[in-house]
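**Student:** Sequence:
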Amino acid sequence: MGLRGVRAETWAWLAILAVIVGAASPVLIGVVDPAIPYVVWVMLFAVMVGLICISTMSAAELGTTRVAFCVAVVVSWALLVAATSSAGFFPIVVVVLAAMSVYVVPRVVTVLVVVVNTAVIAFATGGITAIGVTEVAMITLIYLLLQVGTVMSSISSIREQELREELTATNIELQAAGVLLEESARTAERLRISRDLHDSIGHRLTVLNLALEAARHAEPETARTQLDTAATAAHDVLDDLRDTVSSMRDEVPDLATALRGVVDGIPDLDIAVSVDGDIPLDLDTHEVLVRAVQEIATNTLRHAGADRLRIRVHRDAGGAVRLEADDDGRGAAHPTPGNGLRGLIERFDTIGGHVVLDGTDGFSVRATVPVP
125 MGLRGVRAET WAWLAILAVI VGAASPVLIG VVDPAIPYVV WVMLFAVMVG LICISTMSAA
185 ELGTTRVAFC VAVVVSWALL VAATSSAGFF PIVVVVLAAM SVYVVPRVVT VLVVVVNTAV
245 IAFATGGITA IGVTEVAMIT LIYLLLQVGT VMSSISSIRE QELREELTAT NIELQAAGVL
305 LEESARTAER LRISRDLHDS IGHRLTVLNL ALEAARHAEP ETARTQLDTA ATAAHDVLDD
365 LRDTVSSMRD EVPDLATALR GVVDGIPDLD IAVSVDGDIP LDLDTHEVLV RAVQEIATNT
425 LRHAGADRLR IRVHRDAGGA VRLEADDDGR GAAHPTPGNG LRGLIERFDT IGGHVVLDGT
485 DGFSVRATVP VP
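Numbers given in this note's numbering equal positions in the sequence shown, counted from 1, plus 124.
Keep in mind that the hints are not guaranteed to be accurate.
Listed next, with one range per pair, are the computed distances between beta-carbon atoms [claimed, not checked]:
| id | residue 1 | residue 2 | range |
| --- | --- | --- | --- |
| 1 | R439 | V198 | 54 to 64 Å |
| 2 | V171 | A441 | 47 to 57 Å |
| 3 | L236 | Q285 | 32 to 42 Å |
| 4 | V272 | A142 | 37 to 47 Å |
| 5 | D485 | E289 | 20 to 30 Å |
| 6 | V143 | D482 | 30 to 40 Å |
| 7 | V240 | F213 | 17 to 27 Å |
| 8 | G442 | E286 | 41 to 51 Å |
Source of the hints: derived by calculation from the structure; they are not laboratory data. All values reported here derive from a predicted model rather than from experimental measurement. All C-beta atoms, glycine included, are put in the ideal place defined by N, C-alpha and C.
Take the sequences, apply the hints, and build the full model.
**Tutor:** This is how it looks when you write it as structure tokens:
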């Protein structure tokens with residue numbers, strides 16, 4: 125994967141790690157001696173960095189990531205106390221962790237982290253150095269304000285992302301509703317035209333055919349050929365009328381166009397939709413597939429953290445219609461369907477289909493609909 129394939133979030137976490145390493149560099153390169161053995165300090169630092177990676181860049185369960193992050197914060201306190209005042213800007217590490225906590229732990233824990241961080245900074249600054257109380261208070265206040273500022277910035281960023289996701293999800297829902305409404309309007313218009321044709325032209329042609337049949341038996345022999353031709357034409361018109369009415373009632377909108385209309389223009393997610401061949405569908409199955417793609421796209425945006433989503437509809441060897449969706453997101457070892465995915469499963473149940481979810485490699489959805 126090239127540089128273009130790396131997510132922006134990954135670059136952000138790498139930048140954060142670079143800041144952490146930079147803040148610890150005076151001790152790491154041996155310019156400053158810590159209050160504990162150098163090897164122990166470096167080992168603790170490596171443990172802290174590893175825990176940060178687990179809590180922010182891995183696909184571990186939520187409980188695991190929270191525990192890893194909390195332990196990393198505690199280790200950072202030990203490292204800060206063990207460093208000396210001349211260790212540069214190592215307190216920046218706890219500021220960074222305070223900002224990161226918003227993404228990992230509940231808000232109340234973030235507040236606790238900020239409070240204890242501030243206390244540890246005050247203790248490390250005043251306890252290890254010989255500077256006065258005023259200087260300690262000023263340094264502590266500066267780092268407190270830095271923590272509050274970065275935490276508020278992180279909260280604002282999260283809220284902005286949530287609003288963007290809600291707007292995108294609403295847009296997907298509106299596009300799906302628009303596609304289904306447009307198809308419903310076309311269907312209603314076809315039904316209206318078919319009824320009009322059947323009630324007006326069909327009735328008149330039936331009367332004409334009966335009249336011509338009667339005339340054929342009543343007219344002289346010389347006119348019988350022309351009457352036969354007229355009767356044949358009337359029969360042909362009736363046959364064409366029946367075919368037209370039947371096709372207008374049974375026609376289902378193009379599935380590929382409908383599915384692409386649902387996901388068209390979604391930002392921050394590369395979505396490809398393919399429909400293999402001509403798949404015969406009734407209107408109920410068509411609507412279920414459209415709603416399924418809507419839910420899959422929305423779920424991927426909100427929860428997967430994916431770059432790509434691939435959706436394919438095709439017929440399997442047994443003739444059943446299969447919907448396959450795969451993203452490259454974080455997945456879940458034991459996927460638990462929320463309201464949206466439960467609704468998707470229930471829709472397929474109503475038409476005799478079934479759904480299989482798999483989160484071991486990204487997140488995938490396999491839905492099958494038997495076709496009579």
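**Student:** Against this structure, judge whether each hint is valid.
**Tutor:** Going down the list of hints, with the structure as the test:
1. R439 to V198: 54 to 64 Å: Holds, since R439 and V198 (Cβ atoms, about 57 Å apart) stay within the stated range.
2. V171 to A441: 47 to 57 Å: holds (53 Å)
3. L236 to Q285: 32 to 42 Å: violated (24 Å)
4. V272 to A142: 37 to 47 Å: violated (23 Å)
5. D485 to E289: 20 to 30 Å: The hinted range 20 to 30 Å holds for D485 and E289, with Cβ atoms some 23 Å apart.
6. V143 to D482: 30 to 40 Å: holds (37 Å)
7. V240 to F213: 17 to 27 Å: holds (19 Å)
8. G442 to E286: 41 to 51 Å: holds (43 Å)
Hints 3, 4 from the list above are not met by this structure, while the remaining hints are.
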